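Novice: Start from the sequences and build out the full structure, keeping to the hints where you can.
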Amino acid sequence: MGQDGKPSSAGAVTVAGVDALSQDLLAHALAGVDDPRDRKSCRLASRAFARAEAASRRSARPLRREALPRVLRAFPSLTSLDLSACAGLDDASLAAALSSTTGGTAELGLGVRRVSLARASGVGWRGLEAMVAVCPRLEAVDLSHCVAAGDREMAALASAAGLRELVMDKCLGVTDVGLAKVAVGCPGLERLSVKWCREISDIGIELLAKKCPNLRSVDISYLKVSNESLRSLSTLEKLEDIALVGCMFIDDDGLRMLCAGNSLQSIDVSRCHHVTSQGIASLIDSQRFIQKINAGDSLHEIESCFLSKLSTIGETLTVLRLDGLEIFASNLQAIGDSCKNLAEIGLSKCNGVTDDGIASLVVNCGYLRTIDVTCCHLLTNDALAAIAKNCRMVECLRLESCPFINEKGLERIATHCSHLKEIDLTDCRINDEAMQHLASCSELETLKLGLCSSISDKGLVYISSNCGKLVELDLYRCSAITDEGLAAVAQGCKKIRRLNLCYCTQITDAGFKHLSTLEELTNLEMRCLVRITGIGITSVAIGCASLIELDLKRCYSVDDAGLWALSRYSQNLRQLTISYCQVTGLGLCHLLGSLRSLQDLKMVHLSWVSIEGFEMSLRAACGRLKKLKLLGGLRSVLSPELLQTLQACGCRVRWVDKPLVYKG
Amino acid sequence: MASGTATNADPDQQTVRSNSVEQFYFPRPGQSLPGIPPFFGPPSSSLYLANDNEAKVGNQLEPNPSQSTDWDPQAIVSNLTFLEQKIKQVKDVVQSMSNRENQVASGSCEVAAKQQLITADLTSIIIQLITTAGSLLPSMKNPLSSNPAVRQLSNTLGSPMGFGMNANQRPSVDSKTDIPDIGKASGYEELINSLNTTQDERDELIKGPNPCGGEGSEPTPMEDHDVKESDDGDHEGENLPPGSYVVLQLEKEEILAPHTHFCLICGKGFKRDANLRMHMRGHGDEYKTAAALAKPTRDSGSDHAPVTRYSCPFVGCKRNKEHKKFQPLKTILCVKNHYKRSHCDKSYTCSRCNTKKFSVIADLKTHEKHCGRDKWLCSCGTTFSRKDKLFGHVALFQGHTPALPMDDVKVSEASEQQQGSEPMNEISRSMGCFPCSSSDGISNLDMKMADDVRGYYSPMSFDPCFGALDDFTRPGFDISEDPFSFLPSGCTSNNETSRVNKGSNVPPLGLWKWTETLSDFSH
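Chains as they are written, first to last, in our numbering: chain R, 1 to 664; chain Z, 1 to 523.
These are computed hints drawn from the structure, not numbers from a lab.
Wrong hints could be hidden among the right ones.
Each computed DSS-like pair below joins lysine-lysine, with the alpha-carbon atoms no more than 27 Å apart [what the hints assert, rightly or not]:
id	chain 1	residue 1	chain 2	residue 2
1	R	Lys210	Z	Lys387
2	R	Lys224	R	Lys195
3	R	Lys195	Z	Lys387
Covered stretches of chain R (chain Z as the covering partner; in silico rule of three or more C-beta atoms under 8 Å from a C-beta of chain Z) [claimed, not checked]:
id	region
4	151-158
5	194-208
From a predicted model like this one, the values you see are computed outputs, not experimental measurements.
Note that beta-carbon positions come from the ideal geometry of N, C-alpha and C, so glycine has one too.
Specialist: Here is the structure:
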């Protein structure tokens, strides 16, 4: 900053050099910088960069509502605005920010095309009306999980005539009327998701199909709709992607109706209990270009009619998920014979999957990248050997709860599949030796080792020695891990963002001292780390500034000192669990008063906090909180005005009643 | 008297009566139309014939008719005393009868005579009671006898006695031989005489058969249409070839007559034959036999009777036989409904929306069930009672969208400020969004009560005592029929109609809501 304000002689040369370049070139250069932290460095290094970025920046994700007007003013060419993490956003602040940018007149308008308001529960129809009024070029809106949104909100959105994408998952108040508003107002819709909008019926879907002929992707999962809806949707000539997850009233007849077009590329009928192999077979019969089929938990058994039809789409089919079915070796062989281009196979929780079956599948499917065999209890090292031999491109292996695989099988995988990025070994009986082999997969990004209690610090040392790209590490209940293992991880895997240390009870404050060097850490779960005190929390809070989610449940030694550190340093913290911690009302007040991004707070059994402490602290955070978990007994004790205000701000309170039990 | 009326019952009449009573005065093909309908003089006199008769009867049995019309405590006291005595007399006679009934074999003429006597006495008691009560109430003085409640009362109260006294003691008795015996002794005969003489003298309207004879003893050999037929007049699918049926055309007056079945004794009209038969029991034992009470069955004579179809008297109507594409109407009821719907004023206005008008009261009732419940509203202002209909409409028209139900919330707030001074409005709001929904699926009785709650009635215009009696007696006689539904709206004595008329003066609750909603859309 000092360099910017008063450039020193050495700096002036570089600044002058950058200044000499045109803004377009600088913007082009910036476009190559992916990491926002690096971009920030660039901005701070030179005003020219700052100007170039301001002029060229396309997307923004403000975390606090106070920043929103500034963001909108600073980046005039913004096209994508993500407000899903914006704390305290409500109708008034959204409308004010938008109108202040455009000078209160809608003629100027913003160039914003995409807006995400997911989980922005404080925003209602007034805010949406204001947004639509000042963003005439709006194309995509995400309102998912705004549970309070209803027909009014949809009516407000319907005035955005150019809308092409709309996601309204779990907008519980939306009925057929709201859907009709959108369908009539936005005839150009191409992608629509009404998942979990349980009030929408066949009538609304029928109107949607009539009014929006350009729809390509429709998600009607978990709706109480019948085959009639599929009949209506089958009139959409451009329909490519349809999701019918958990539609209980849809059966094979409905799928047959869907056969009308020839454009379908992806269908998801998982959890449709009345869909059978024959329905999918008849669908495949007419839709020759299907690429993705998800039939998990729907078919009762795989019938030959389905398998024989698979060959007709063998060239195009890339994703096949058959979770939860009874699948034998012969079925897998038939699939392998038909679908040579398969890139992803899902066999999670399938009974009857054996080594032979996997071997006969993979022998023909050399392009498999994702293999999900979660809970296929019969698999052994032979299956891994077959995968390693045939699928050299594999990137994701989910082997959770395959108890018979061990280091020998993983050795084959590690030596042959150098592209492996993700491996899930939760609940597999593997040891440090397996870690030694896996360490050769230098591309590894996600490693899940939950419940592998035989893995010790030694294994972590192996991993950290070569897997520098690791982003997610799950050590849930790896109770042999100590501070030294953490030290190795912190040393070798600097990119880690998500770390799960729950119930690794040997970890102390010293281990957290090492963790504090992980600057990119965003999610930290540390349940029941009873030896961690405020000192450990403080070091993490200071070191890991990007922390977004922190779970401190049952960290009995954490006290107010930890909360003070969090309130002082973890300004990005959005989700926090402090149940069972030994904190007082003072610390809580301070925490809630300071953390401006905090939206989700779980605080059950804070027995040291008085009623006044709860009352005061909740008042301090009232406008920002969206989810709150409290002990049921507090319901009658907290003041009704407070609860009313919380509700008015779009905050949902979950009241739990469970006895106070200390587990160690 | 008996012989005089018997002459009227010419052979032709037997065939007439053998049909359902519609056909009684809507003649068979062979008969000439003008001569037949004896009950239809000028509509003004014929419509309220029964009431006139009733009044006459009441006056004749009344000891001091002139006094009873004025407010005179003396007269009332004397009336009440008279009533007491009369009731005691009747009680004695009934008691003596109940003692003797155990011994007397069936077929005794004396018992029948006694029963006639009792019935007559009871009738006079009731009329006396009504007259007395009427003199107490100024509003009841003049229209006393025309009040249908009174008529009902006098007719109905006879029937429980009939049930109590006589089950099937007597086989079917030839009334012609029976009646003269009774006539000499009973006061009831007096009543009948007076009734007949007044009719003959003044109106010459009842030229029917012997009032006591024949009606019950001969089972009428045709099915009666009125119970089975729906209002639906369309039988397009029938396609009878022309000439294969006989076309009848009724005159306007016949079509608009409120009743089609008339008591030949007292002249009271009924819409249903079954109700007339129930009524007839009050006129004597001979009407209480199983044969008399039985539903007239299909006779052999009707088998080869030609198929009958009806023509609308309105020239130029498609249902008129002169029309090129004449489409006949199948039943009398079809004729009635068609004529009222197509060629009469729509005099029944919905009291809720104040816009919809009907000429058939049943249509009004059907509409009232749904009126104000059209909660599915389009942005163009059209309302629908069903969501799928609204969505079909929206799908059809470019730019139309369903209106949000939330608009109503704003509307009710607005109307509160505008019309808050009216107490009616307050009540309506307290009753919720659809204040008139109480009538849905509930009988008239409930609807009336709901109206009372809302203050549609002033207590002066409608006596609660008679209303209660009316409601009480209704189940006895008119089981499935509203006795007032066919009376024209001009008849102010009619409870039902007066309700409708009064209702039309009051702003209907449903309309406020919808007009407000529309205005909300316009801006």
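Novice: Going through the numbered hints above, which ones does this structure break? Give me the numbers in ascending order.
Specialist: Hints that this structure does not satisfy do not exist here, as all of them hold.
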